[in-house]
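**Q** So the chains spell out like this:
Protein chains: 2
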Amino acid sequence: MKSPVEFASACPVSLKEYPTVTMAHGGGGKLMHDLLEKIFFAAFDANSTPNRHDSAILELPVNRIAFTTDSYVVRPIFFPGGDIGSLAVHGTVNDLAMSGARPAWLSAAFILHEGLPMETLWRVVCSMREAARRCGVRIVTGDTKVVDATTGEGLYINTSGIGVVEHSLQIGAASVQSGDAVLVNGDVGRHGMAVMSVREGLSFQGSIQSDSGPLFNAVEALLSNQVEVHCLRDLTRGGLASALNEIAEAAGHGIAIEEEAIPVRGDVHAACEMLGLDPLQVACEGRFVAFVPERDAARALEILRSQEAEANAKVIGRVDRREPPWVVMKNSLGSLRALDTPVGELLPRIC
Amino acid sequence: MKSPVEFASACPVSLKEYPTVTMAHGGGGKLMHDLLEKIFFAAFDANSTPNRHDSAILELPVNRIAFTTDSYVVRPIFFPGGDIGSLAVHGTVNDLAMSGARPAWLSAAFILHEGLPMETLWRVVCSMREAARRCGVRIVTGDTKVVDATTGEGLYINTSGIGVVEHSLQIGAASVQSGDAVLVNGDVGRHGMAVMSVREGLSFQGSIQSDSGPLFNAVEALLSNQVEVHCLRDLTRGGLASALNEIAEAAGHGIAIEEEAIPVRGDVHAACEMLGLDPLQVACEGRFVAFVPERDAARALEILRSQEAEANAKVIGRVDRREPPWVVMKNSLGSLRALDTPVGELLPRIC
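Respectively, the protein sequence lines represent chains E and G. Heads up: the first sequence begins at 1 in my numbering, then just goes up one per residue. Heads up: the second sequence begins at 1 in my numbering, then just goes up one per residue.
Okay, chain E solo, but in the shape it has when bound (with noise of 0.2 Å):
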């Protein structure tokens, strides 16, 4: 993690004259046109937005896309692995990948709290604009809101994303079959540990990182290598555990997963531990899982171990029965146990 030093050179806000976010950046005055023109068009490329109209214009090269909005209030802003920034832009990227669409053009809404300090600002901008680059999406349309909160707990970013949808499958959980191998592209559980351990400043502290990164690549390559995909879930709030029940409820299908297959690592599963959760309902933002056929089942896990060798890439279950408890899992000594949905409030702010 970059301290907040190195960046106070390059903000190109003046922070002799404005330390922090004022609620004048935010009257649609002058001000706030400076603010606009020195950070954000700085950070988001100028030349892609030539009149900096209401609306970016777009010219598609298909006609089917994809279309979704997340808003961002993790907290702390920064935490081991990532910001906010790069949450928020591959959080956005993933949902589009998640649909098998290529992640295109993303917007970009800040709301500022009064007393921001300017460098955070610029320091949390400067990683969306380097997470878009190497995400190879463009950020064309932005706002920005300044509220006068009392907390003084920094920003919350909101992107909503368009990607070009270049196959022809179905992907969701209606097209989810009896039989289907269930994967997880590498361990899960680590972002929801990597921030809680900065917010409850634990003796695991920085030892966790966030998975934070983005996912279309590892899509691409399951489609481009024929891989008949069925579904695609990232496994964001309620972990593994929220993503597979949700599934298996809209496909009417069960799923049976084995514990010993699903890959948590030592340090993720000791925090787990210690704040008595559960790694499976602990929320990753570069995990998901893959449904496909049984006879796709080991050529996606070797694509998926080449993304990303030493994420541990698994098959975890099956696609079986028809009834709830929708999803089961056996454990080492062979004994089931439905995995159920976390009730209400495991880890509020993680994304």
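Please note: incorrect hints may appear among the correct ones.
Covered stretches of chain G (in silico footprint by chain E; criterion: 3 or more residues with CB under 8 Å from a CB of chain E, positions within the stretch not fixed) [claimed, not checked]:
(1) 58-64
(2) 97-106
Stretch by stretch, here's where chain G covers chain E in the computed footprint (C-beta under 8 Å, at least three residues) [unchecked claim]:
(3) 105-113
(4) 187-200
(5) 236-247
(6) 258-265
(7) 313-327
Residues from chain E that face chain G, not an exhaustive set, calculated with beta carbons under 10 Å [what the hints assert, rightly or not]:
(8) Ala-56
(9) Ala-101
(10) Tyr-156
Just so you know, these hints were derived from the structure itself, not from any lab. Quick caveat: nothing in here was measured; it's all calculated off a predicted structure. Every residue gets a Cβ at the ideal spot worked out from N, C-alpha and C, and that includes glycine.
For chain E, the structure is supplied; the task is to place chain G on it using the hints.
**A** Okay, now just chain G, sitting in the frame of chain E:
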């Protein structure tokens, strides 16, 4: 403005069990699932998102689209003539309309404050549904976060929008030409003063209704009647003054306007005077300026008047000079002054 009581019976979440939003409603578990099912999917046409997946898949009738985003933080959330929900639909639909794009799809992302009364949320969501219906747009994807705000102010909404571009004009500041007529579609300053009146508990409370409303019908009427529209801009934050200055500067042209031609209602004038505000710098949410060739001005005026007769559309000036001060205004005595962009915060949390 309807009272909360009328809505209480209709709120689909049990108000006995959950009178307010809790952190658990944002946790990714069963309670959040219930909130989505009963409030958001119920209001926003679940049929349009059959698998309730991360993104909506959209089939486009054209391959040129407009894309925009806006967050809404208006306080109070209910005001004479509208609320944060209808504003969030109109505002984003209008940003699309200002590109001459036909609004088609919206996303809706909610940041709810813990403790928000559940029936207030339902009221806002119903207002969005109704506004979307009137505007002919579909809300096709969304997101919900809950934050532990201590302010209890309620909620923030982000809407992003996609519109289809059916014309071949280049609508924007770069197309503005010397000699263009500048039209406004109605009296200015009402939205800002309607919000302020409630916030400040002023004596004119209720008599000034927000002008919040959708603008695409007016734009479509101009385009379908072959008015050669050069530039359109809605008069939101910073009002008419900010809009004209932004366009003039971006176009590299001067604009001369006639103070007497600008429609401002008497009660808005009086309220502005009381608060020391200039109505030309106050936000509207249903007003825009159109730049058209002089030869089309009379026809454009007639079209705008036919859309909303009581709004009193006017030709307010001409594009003429080429250097700063960009916007000059002639008063009734014939004297000229620069019409400046407001420097800082005039009316915080107005949209």
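**Q** Looking at the structure, which of the earlier hints fail to hold?
**A** 4, 6 and 7
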